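**Q** The chain contents come next:
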Amino acid sequence: MSEAEVDLALVRRVQQGDKQAYNLLVGKYQQKILRLVSRFIRDSMECEDVTQDAFIKAYRALPNFRGDSAFYTWLYRIAVNTAKNYLVSAGRRPPAQDLDAQEASNSVAGASFVDLNTPESALMNSELITVIRKTIAELPDTLREAIVYREFDGLSYEEIAEVMDCPIGTVRSRIFRARETLEEAMSPYISGN
Amino acid sequence: MKNQTLSKLLDGDLSPDELERTLDRVLADPELQQSWHAQYTLRSVVQDDGIHTYCNIVENVATIIAEEPTLIAPDNLSPKRTDASVPVGNVVSILSKRSKVLALTAIAASFAAIVMVSYSPKKAINSTIANTAGTMSTSLAAEQELQAMIVQHGEFSGAAALNGLVAYAKVVNGSTVSDAR
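Chains as they are written, first to last, in our numbering: chain A, 9 to 201; chain B, 10 to 190.
Treat the hints with caution; some may be incorrect.
[What the hints assert, rightly or not] Pulled a few chain B residues facing chain A out of the computed Cβ check, cut under 8 Å:
hint, residue
1, D20
2, D22
3, L51
4, V55
[Stated by the list, open to error] Below, in silico cross-link-like pairs of lysine-lysine (DSSO-like), each with a Cα-Cα straight-line distance of 30 Å or less:
hint, chain 1, residue 1, chain 2, residue 2
5, A, K27, B, K17
6, A, K27, A, K65
7, B, K17, A, K142
[What the hints assert, rightly or not] Ranges between beta-carbon positions, derived for each pair:
hint, chain 1, residue 1, chain 2, residue 2, range
8, A, G162, B, N65, 40 to 50 Å
9, B, S24, A, T138, 32 to 42 Å
10, A, M172, B, Q56, 14 to 24 Å
11, A, T138, B, E77, 34 to 44 Å
12, A, V139, B, E77, 32 to 42 Å
13, B, T72, A, A130, 24 to 34 Å
14, B, R30, A, S195, 22 to 32 Å
15, A, S134, B, E27, 35 to 45 Å
16, B, D26, A, S134, 37 to 47 Å
17, A, A98, B, N65, 22 to 32 Å
18, A, S77, B, E27, 20 to 30 Å
19, A, C174, B, Q56, 20 to 30 Å
20, B, P25, A, E128, 39 to 49 Å
Note that these hints are calculated values from the structure, not bench results.
These figures come from a predicted structure and were not determined experimentally.
C-beta atoms are modelled at their ideal positions from N, C-alpha and C, and glycine is treated no differently.
Given only the sequences and the hints, what does the whole structure look like? Please build it.
**A** Here you go:
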């Protein structure tokens, strides 16, 4: 089962009337969509508003989502159109060069994004990154390797089991314990987020 | 993070049955939901080198959609779930796209029929149009005038909402109908 299938399962629940399931999708993709929208809109507040608007539009359009494409690809298109329409309505010209729709299925990291953080949130962001790096560095070797292979390198459980020469069940357990430790370390920085 | 199943969910490492059971648990447990959001924040940090802003998009969107009617997809878009998930609040049934097209086409056809019976050109053709289509006498000028009228008032018909569908009427006489048959 892929992540896209998890998304689809959540989408089906929203389509059956479960609004709470949509919150999980928003939580999962809010940062990616914010990054995407920031390619069009420079102002931090406007960027957040447009991102929020894109999620609302997607919710309203969700009854007609058939699952022909991945949910994120579909959401990506809505966000791009929402950002462009916002610029047009504000009397500004959207960028002539369109974004590649293929990027929708990939991470949007590495592109030239605007830093939307205010000085305060930039400081918190910096602290959060420091805490996460420090916590990862202090993890026992086996946990650190497992979480790095999974989150940084994107290896599957099977691949990690092969690299670490251990059963898949052990890999699952190590990744879980690493996440548990990281979540605890992060909690002061993400409460209410 | 309270349990390993959520960790497996984040990695898409569950069977379809386990997936549904896990989603049921997550959706019923605010702590698991908090873990879900925390883990995706973690992922944004490690994969995208930081999070963008400390904003409350999840909360804001949740507040807005809580006010919205609960949307129910048509059955052909969404497979029936085995567990009973009864939506609460106002429920809006969404017509399928095909049903919408058929409904709008019917409206467009009704509009065209109204034009056919109410049209009154200056020429002598009008009385024959008002009788029966089979006995209409053909006039190219009258037909053009009729088309212009349909186009002019087309925005009021259902066809205006359909891409690529244009309201159209043709004046025919009895022999043409017989030939066509």
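**Q** Are the hints correct? Go through all of them and say.
**A** Cross-check of the supplied hints:
1. D20: holds, 7 Å
2. D22: At about 6 Å, which falls below the 8 Å cut-off, the nearest Cβ of chain A leaves the hint on D22 of chain B intact, so it holds.
3. L51: Holds, because the Cβ-Cβ distance from L51 of chain B to chain A comes to roughly 6 Å (cut-off 8 Å).
4. V55: Holds, about 5 Å.
5. A:K27 / B:K17: With Cα atoms ~23 Å apart, K27 of chain A and K17 of chain B stay inside 30 Å; holds.
6. A:K27 / A:K65: holds, 14 Å
7. B:K17 / A:K142: Within the cut-off at roughly 24 Å; holds.
8. A:G162 / B:N65: 40 to 50 Å: Between G162 of chain A and N65 of chain B, where Cβ atoms are some 29 Å apart, the hint is violated.
9. B:S24 / A:T138: 32 to 42 Å: holds, 38 Å
10. A:M172 / B:Q56: 14 to 24 Å: 21 Å Cβ-Cβ, so the 14 to 24 Å window holds.
11. A:T138 / B:E77: 34 to 44 Å: Given a distance of about 40 Å, which is inside 34 to 44 Å, the answer is holds.
12. A:V139 / B:E77: 32 to 42 Å: Holds: the Cβ-Cβ distance is about 37 Å, inside 32 to 42 Å.
13. B:T72 / A:A130: 24 to 34 Å: With a Cβ separation near 26 Å, T72 of chain B and A130 of chain A satisfy 24 to 34 Å, so the hint holds.
14. B:R30 / A:S195: 22 to 32 Å: holds, 26 Å
15. A:S134 / B:E27: 35 to 45 Å: holds, 38 Å
16. B:D26 / A:S134: 37 to 47 Å: holds, 43 Å
17. A:A98 / B:N65: 22 to 32 Å: The hinted range 22 to 32 Å holds for A98 of chain A and N65 of chain B, with Cβ atoms some 23 Å apart.
18. A:S77 / B:E27: 20 to 30 Å: Hint holds: Cβ distance 25 Å, inside 20 to 30 Å.
19. A:C174 / B:Q56: 20 to 30 Å: holds, 24 Å
20. B:P25 / A:E128: 39 to 49 Å: holds, 44 Å
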